[in-house]
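In case you want the letters, here they are:
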Amino acid sequence: MRQHLDDILRGLFRENPTFRMLIGMCPPLAVTTSAESGLIMGLATTAVLICSSTLISALKKLIPNQIRIPAYIVIIATFVTIVDLLLKAMLPEVYKVLGIFVPLIVVNCIILGRAEAFASKMPISRSITDGVGIGLGFTWALTFIGCVRELLGAGTLFGFQVLGDSFVPWQIMKMPPGAFLTMGLIVFVLNSVELYRARHEQKRARSQIRLVRKEATGQ
Amino acid sequence: MKELVLLLVGSALVNNFVLARFLGICPFLGMTRKLDAAWGMGLAASFVLVLSAMASWLVYEYILAPLSLEFMKIVVFILMIACLVQLLEMMLKKFFPQLYRAMGIYLTLITTNCAILGIALIVAGSDYNFLETTVFAIGAGAGFTLALVMMAGIREELEFADVPAAFKGTSLALIIAGIMSMAFLGFSGLVPM
Numbered sequence: 044m045r046q047h048l049d050d051i052l053r054g055l056f057r058e059n060p061t062f063r064m065l066i067g068m069c070p071p072l073a074v075t076t077s078a079e080s081g082l083i084m085g086l087a088t089t090a091v092l093i094c095s096s097t098l099i100s101a102l103k104k105l106i107p108n109q110i111r112i113p114a115y116i117v118i119i120a121t122f123v124t125i126v127d128l129l130l131k132a133m134l135p136e137v138y139k140v141l142g143i144f145v146p147l148i149v150v151n152c153i154i155l156g157r158a159e160a161f162a163s164k165m166p167i168s169r170s171i172t173d174g175v176g177i178g179l180g181f182t183w184a185l186t187f188i189g190c191v192r193e194l195l196g197a198g199t200l201f202g203f204q205v206l207g208d209s210f211v212p213w214q215i216m217k218m219p220p221g222a223f224l225t226m227g228l229i230v231f232v233l234n235s236v237e238l239y240r241a242r243h244e245q246k247r248a249r250s251q252i253r254l255v256r257k258e259a260t261g262q
Numbered sequence: 107m108k109e110l111v112l113l114l115v116g117s118a119l120v121n122n123f124v125l126a127r128f129l130g131i132c133p134f135l136g137m138t139r140k141l142d143a144a145w146g147m148g149l150a151a152s153f154v155l156v157l158s159a160m161a162s163w164l165v166y167e168y169i170l171a172p173l174s175l176e177f178m179k180i181v182v183f184i185l186m187i188a189c190l191v192q193l194l195e196m197m198l199k200k201f202f203p204q205l206y207r208a209m210g211i212y213l214t215l216i217t218t219n220c221a222i223l224g225i226a227l228i229v230a231g232s233d234y235n236f237l238e239t240t241v242f243a244i245g246a247g248a249g250f251t252l253a254l255v256m257m258a259g260i261r262e263e264l265e266f267a268d269v270p271a272a273f274k275g276t277s278l279a280l281i282i283a284g285i286m287s288m289a290f291l292g293f294s295g296l297v298p299m
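Heads up: the protein sequence lines correspond to chains A and B, in order. Residues in the first sequence are numbered from 44 upward in steps of one, following my numbering. Residues in the second sequence are numbered from 107 upward in steps of one, following my numbering.
Take these hints with a grain of salt, some might be off.
[Said to hold, decoys possible] Derived list of chain A stretches under chain B, where covered just means 3 residues or more per stretch with a C-beta under 8 Å from a C-beta of chain B:
(1) 107-117
(2) 146-155
(3) 205-211
(4) 221-229
[What the hints assert, rightly or not] Which stretches of chain B does chain A cover? Using the computed rule of at least three CB atoms under 8 Å from a CB of chain A, they are:
(5) 122-131
(6) 183-197
Think of the hints as simulated: they come from the structure by calculation, not from any bench. No experiment lies behind these values; they were computed from the predicted model shown. Don't be surprised by glycine CBs; every beta carbon is placed ideally from N, CA and C.
Throw the hints in and build the complete structure from the sequences for me.
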C-alpha cells in the first residue's frame, strides 16, 4: 500500500514527466492555450496511460520479447482510438481545439516509456498506481502551463474573468511563441531551485565536516 | 501552379511544423546540439514525411474510405509508418550503404516522431489531392529541416557563451525557439489563409 502511494507521489512531483523528465513535450506546448484544454488533454492522456499500462502489465507473460514494442503500440493505439471517439462525441468544442493532438497521444513517449520501463515488469496494481501518478503529474503540468498562458494572454482562468479591465492581454502568450517562452521560463525557475538546493546542501555538508574536524582537533 | 507554390510556402514557413504546429519537438530539442546531426535528422525525417504523407493518402482514399473504416486510421497509420521505416532502412542498407551509415541511427527514432504521424492524420482528413499532398509534405519537410538547422546553428554559437547556469540546456533552447517562432510569425502575411 505504501509503495502504491509512493508510486503516485513520485509521478506527481519527483518524476513529473513534463517538469522533471522533460519528455513528451509536444502537448505541453501545443494544447495549453487555455487551462481547460490543457486539463482535458491531460485527462485524456491519463486515461490512455492507465488503460494501456494495466493491459500491458496483465499481458506481460503472453507478449513475446522480440515483438513487444509493436504489440505495445497496437494496444496504445486501440485505447487512443476509444478516447478520440469519446471526446469527439462528448466534448466536440474542446476536441476541435485539441485537434490532431488527441490521436497523437499514440506517439507520446511518456506512454510507451512507462510501458517499457514499468508496466512490462511490475504487477498490475502497481502499474495502475504508476499510471495514475504519471498521468496526473502530466495533467497538472499541462493545466498549470495553460493557466499561466490563459491568465497572461486573456486575463481569464477556465473562462472566468480574473484580472481587471485595466489589464491589457498579452496577445503573444496565446500564440505559438508564448508556449515556448512560458515553458522555457518554467524550466529556468525549476533549474534555479535545483541549483539553489544543491548549493545549500553542499554548504551544509561542508560546515558539518568543519564541525567534525574541530571536534577532532579539540580533543 | 500558383496554388501549389502557395501551399509549399504555407507549409514550410507560415505553418512551420515545429515552430507553429508544435510537431516534432523532441528531435528539435534533442538533436540540435550539433549541426551535422541536425542536417541528418532533418533530411531523414523530410524523406519519411513525404513517403508517409503519400502512403497515408493512398491508404485512406483507396482502402479506409471505401470500406468506411475511417475510425481505424490511428492504428493503421502507426503500423504503416513502422513498416515504411523498416522497409526504408532495409533498402538503404542494401543499395546505399554510405547513406545508411549517415542516416541509419535517425531512422529508428523517426517511427515515434509525432510529425510523421501528424502529417498522415492531417492529410487523411483534408481535401488535398495526391499532388497537393506531395507538395504539402515537401514543404513540411523543408520547414522542419530549416527549423532544426537554424536551431543547431544558434546553439553551436551559444555553446561558449557565458549564460547563467540555470538557463543552460533545455531552458535556453526553448527561449531561442520562442524568439524564432516570433520571427516566423512575420511570414503569416505571405499566404492568404
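Now for the hints, and whether the structure bears them out:
1. 107-117: Answer holds; 3 residues pass the 8 Å Cβ test.
2. 146-155: holds (count 7)
3. 205-211: violated (count 0)
4. 221-229: Satisfied; 7 residues make the cut.
5. 122-131: holds (count 7)
6. 183-197: holds (count 3)
This entry does not satisfy hint 3, going by the numbered hints stated previously; all others are met.
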